[in-house]
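Trainee: Below, each chain spelled out in residue letters.
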Amino acid sequence: MSDPKTMFKEMRVRFCKTDDAIYFSHLDLNRAVLRALRRSGIPYWSKGGFSPHPYCVFAMPLSLGFESTGELFDFRLLPGVEWEPEDLKNAFPDSLKVLEIYEPCDPFKEIAFAAYEVELETAESAETIAAAFKQPLTVLKKTKRSEQEVDIREFINKIETKTGEDGLVCLFAELASGNQRSLSPNYLAEGLCNVGLFCKIRKVRRLKFLKADGSEIL
Amino acid sequence: MTYKTEDMRELLLEVQKPARYVGGEMGQTVKDLREVDIRFGFCFPDIYDIGMSHLGLRILYGSLNEQKGTWCERFFQPWPDMEERMRAEGIRLYSMESHTSLDEYDLIGFTLQYEMCYPTVLNMLELGGVPIYAKDRKGLKHIVVGGGPCAYNPEPLADFFDVFSIGEGEEALPELADKLREAKAKGWSREKFLYEVSKMESFYVPSLYEAAYKEDGTLAAFTPLKEGVPAVVHKRIIKELDKVYYPKTQIIPFTEAVHDRVTIELFRGCIRGCRFCQAGMLFRPIRCKSADTLIHDACTLLENTGYEQLSLCSLSSSDYPEIEPLVDGLINYTEPRGINLSLPSLRADNFSKELAAKITGVKKSTFTFAAEAGSQRLRDVINKNVTETDIEKSCRIAFENGNSSVKLYFMMGLPTETEEDLAAIRSMADKIIGYFYDTDKSKRNRFIKIAMSVATFIPKPFTAFQWEAQNTESEIRQKQEYLKKTVGSKQVTLSCHDCRTSLIEAVLARGDRRLAPAIAYVAQNGGRLDAWTEYFSYERWQEAFRAAGIDPDFYSARKRDFEELLPWDFIDIGVTKAYLKKEAERSYRAETTPNCKEQCTGCGANQMMGRKCDV
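Taken in order, these protein sequences are the chains called A and B. Take the first sequence: its position 72, counted from the start at 1, is 58 in the working numbering, and no numbers get skipped. Just add 371 to wherever you are in the second sequence, counting from 1, and you've got the working numbering.
To be clear, the hints were calculated from the coordinates, so they are not data collected in a lab. Some hints could be false.
Said to hold, decoys possible - Where chain A lies over chain B, by a calculated footprint (3+ residues, C-beta under 8 Å):
1) 388 to 397
2) 404 to 414
3) 497 to 503
4) 832 to 838
As the list claims (entries may be wrong) - Looking from chain B toward chain A, a few residues come up when the C-beta cut is under 8 Å (computed):
5) 679
6) 682
7) 709
Built from N, CA and C at the ideal position, the CB exists for glycine as well.
Chain B on its own, in the form it takes in the complex (with noise of 0.2 Å):
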């Protein structure tokens, strides 16, 4: 079904922004049919504002376009005073570029960015016609696939999706779309085209392996169905990134997306090995994009597009290797055209007085440190190698710079915490006061603001903490009464992450197969858009884990041994398991594993690409 945007002016007049649910705007990919025999749905399961904002579509949607015969097009969720409407009239969800309902797809692909999505994946599948679970889907049509970093664990919704796709996808998803191209010449059946595709690199086909668990309810076995379909999945990585496809051109929204701005990505890894990341694992090994190649991207960019604001994306920017001409090159461009250039991301201890001092010239922002614990045992145990001095260093030269607004991030709920090492994010706020008042008066600001925000830590796969116990809600809450009875002035404020959605995220990060009939009971009971506080219901998901018998703790709040066998232990990330309960072993000695730049600690990634990391 193809709708019309002029038969549903009505509808797109009573919702907000109807701007999101039109399409149209500069940039988007539109094809002749008569050209086209592979259609790609790109789900992204958030709203338009948010999904448009994501560096990962933009890139994906282009290297599938530029195939010949494949049109990639984009499906968001709407927000729901849209989808009522929709769903009382009997519209399907569309696409932006064509209006077309996700039904009349052949390869459906949802980026999982964050496991809070799954509700909304099966409501958007739902809401476009789509059979969710993969077994009621027929025929070459609606080949359900995921990736992104929650693809990664991808057994919680092994029944819902018809192929996984791991690690990066610029190369892998057009290898699929031309996969379906020679199935659908050579007459294959969807279990044939399946199968074949379970063989490919890089890609797993949940309906091809089976998992027995023990009594206790650990996994006894995890094992292909069929001869051919390989024992393990190993990641897809991009070894050359200065030779991949990279986006010439954005699509401009009209209506603002959170992050609307160009973004250049500088290298993927990173050097650091915290050991609570699951980025910095899971995006290993490091490679970089030379400073030449991305000043020549970003100008492209912003020339084709006339955005006034640039950002530079990675982990850890900062540790990028030729930091120092990359800016230099790009204020050359953006300075006298007025483009603002942002860099998230930045580490306390090696931000130069020169790079705040470039970075400043262009535009004051607030400094945001990523602290992550208080103290520095507990920083030693997580590996964020910040000291103090560092902390007190990059603050000096914020003040110093004019800048009064920092922002301090932590975790709670980290392996070994105790009251200590909570007591201790109160006293960073007071000795970066302290710095504060130390810097000359004629340089810094009258008054500083520090704002602190406290998340609850969430153990996730392929890090040095997979195997441990998340903290429970009442040991969560306790924990965060005493730091707001610590902290909080007129100088410092403090904000604690609602915990009861890391609860949630930490089932689904951690969880199995079994957990599919919760999923589908939430999205079922109006569960969509659970990132959004104002749409998540703790009571609903613990209804859906009683109604499916799940016991949410065990998936979170139990501590595994070394010897278990994982749900994903299936997938190889590059990163070795070996490495990861080394690391582990060290935390519990607060023992620091030094970053790749100082020396390489062997974590296995860089056998990928059969040479060195870039560092």
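One chain only, chain A, in its complex shape (with noise of 0.2 Å):
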């Protein structure tokens, strides 16, 4: 067997989710990135078998209606050949625009939090959402396997409340988002409105990925 680090040069595209690429399901995006790819013309690593498709790992599927500016795929290039990288930038929609492409140098297994910016429509002060998340805050969580109670606070890193534009509520949170341990931002605002702190959310916007110590993935 050769050594796979001859057969390919692994790869990390970070790009946007953002206007209307939020409608896109994970399927879709997938779909899309592939035929981007493709497109680029630029010398990737393929797998075999009937379908040969190009190689491509992401990060984290983000739920529909989200936007994102910091989302992360893998992909391989084949070493040795030349390629430009405005070729890919080129290839992919404004909506799903590629920021940075570099070599990894943390594996997707060692997220453990994602970053995100949440913008809740409420009447409530942004002084008092901070103050309640001091408070046990317990939802409902479901799973494809169980339902739980939890409180939420055990899956929040950091969180930051600050007063946004048009009387909105801004929330930074880094949220536990890995194989094992994650919580969708739509829980913070349940979890509140379960404490009798109404509030909907408006937007939701995931930054970056985190490992365990806090630092980002790069």
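These two chains come separately, so use the hints to put the complex back together.
Mentor: Structural data, given as structure tokens:
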């Protein structure tokens, strides 16, 4: 067996999912990225089999309706072939703008948290909301297998509250986001509602992925 | 009205697959409104997922947008969850590109691919804020034009459309846009504009004709109302396919379309002359693209889109004269790039071993044969010139190549059909299973699966069977019961189409102007997406016919005389009525007609291009 390192070079792409791309499901996104890779004409490494396709792995699916300025996917380059990163950038639509292409340092499995910016429509002040996160905030957390009452604070690495524009309250939250533990930003609103602080999510934007020590995945 | 997706955010996040309502795909055309004087709303009367698969849309969208000053945008029927929300919020049907409501468009084009879309057409107009009846639309706006296969009998829709474009549209539609440009510049009235259009080649303006009926309900006369309006409308064809516009790119949907791939069109027309087949007559004469052009088109499209699948489109693709060099050339490009090449519409009789091997080299897929009828006699009646030996030969090749999944298509209710013909459907399955077990064990698969699909025959205009009666519902049900009793085992599955859709389709296919109130009734009573079983309501159609005082059997289950004036007789498709009549008479004697490659049978279509067909 030849050494995989000589067969391809791992590359990482940081990209946005904004504007109308928030309506794309993860499957749609996957298809769009594979086609963009093919269209770009760059020397990508393919998976074999009956339907060979570019190797491509996403850091983490993003819920329908959320936007992001820090999505990641990895692909593989054939070694020793010249290529232009611009060709790859140009193959993406504006709503999936490529921000950066680089050689990755950290594998995706090290992702422990994701940082989000959440805009809340609420009559409450930012201070009241901030204070609420110092008390237990229980929600009924649903997974495919079970439903469980949890205190969402156990899933929060860091949270900041600010008064935003148009009377919105802005949350900057680092939430557990890994294979073992994760929390959707939707539960932040649910937790607040459960203690009588009525609010509705206006917008969610994922900003970046973090490792267990809080540093950014690179 | 122009909408912003941001303002519809909540609504979009509540409906299924919202990506199909936002547009913005790679490959779409966006123009600066300051440089646009004609806005063309291209409407596909089905949902996005279906419409985006349609090759005609891609070609017409491209050719209209090539024209300076014309901006063609796409409209689709939303899925009912979305439509309900739109109506509740007062949102009109809007375009994919600029999210502008349909009522702001000058020309509104509908592609009419199948009869069951008629209520959807009216629903889309209404949802877009455009009056559904042509007589209620005023000025030089909202010119509603129809095209596609169903426009060859446009009469059931005559009250709703201003214009029909008969035949191939890639040159005709830009000409129509130009004529409207002229009308605007010269300040013509709507009437004057439509009158001028009626004199242009291949355009039919229904309001300028009058139909008179006999006491028995049949057509007595069909006459132009004004001088200069032609009594016969000739269809449009593109004479040189190699030279005509073909898109260099495709719009790439974010959400999956049904046929989400690059498609190239090999040729138009068909050499076969199956007597039930409407497309085979409508799209004559036979004109081919050269293999070089096609390979070039395919490579350009694949490079520009990044698609992983390429398919060849035509009737009976394996009749393409340069099929081997074409497949060779395409495989040279697709194989090293991991692109899947699929060939639809293969005929049992000319499927060569070499071709099979080449295709299986790429990917194994199901073998599909349209046998259409079980017995040789009935296949001769319908002129489906496939023999038992042909089927045997191709099955053996397929099995030796490791294929073990066979799909067979049949039709039921064909003219002169007897119980023996139906019984032969069963025996065909048995024979195929026999060929499978005859095949060398080391070459063939372990199991065989035969899927039989039986549709109900619908007599269509411009076919040799245009005069025939369709079976009644009880006749069809009896035949289906008989089949279900005889066919079906572990290896063979049988599926019969719901005949009720076919019964309605038969009425609409050979209908006349008097059907308009029934179609309007269906649309106004919630009818849309009738091609989807979950939204089709036979009862609603029955109610509509009753309300409009229409006897559906008059249109579907009545055998016509050869002398009867048919509602579509004023359209000239190239193939003559005399030829169709001769074919009908041959069918009664179970006499076959050779295909165009063997001998020109004088259908008349080649007169349209003044040369021989490309066979």
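Trainee: Which earlier hints can't be squared with this structure?
Mentor: 2, 3, 4, 6
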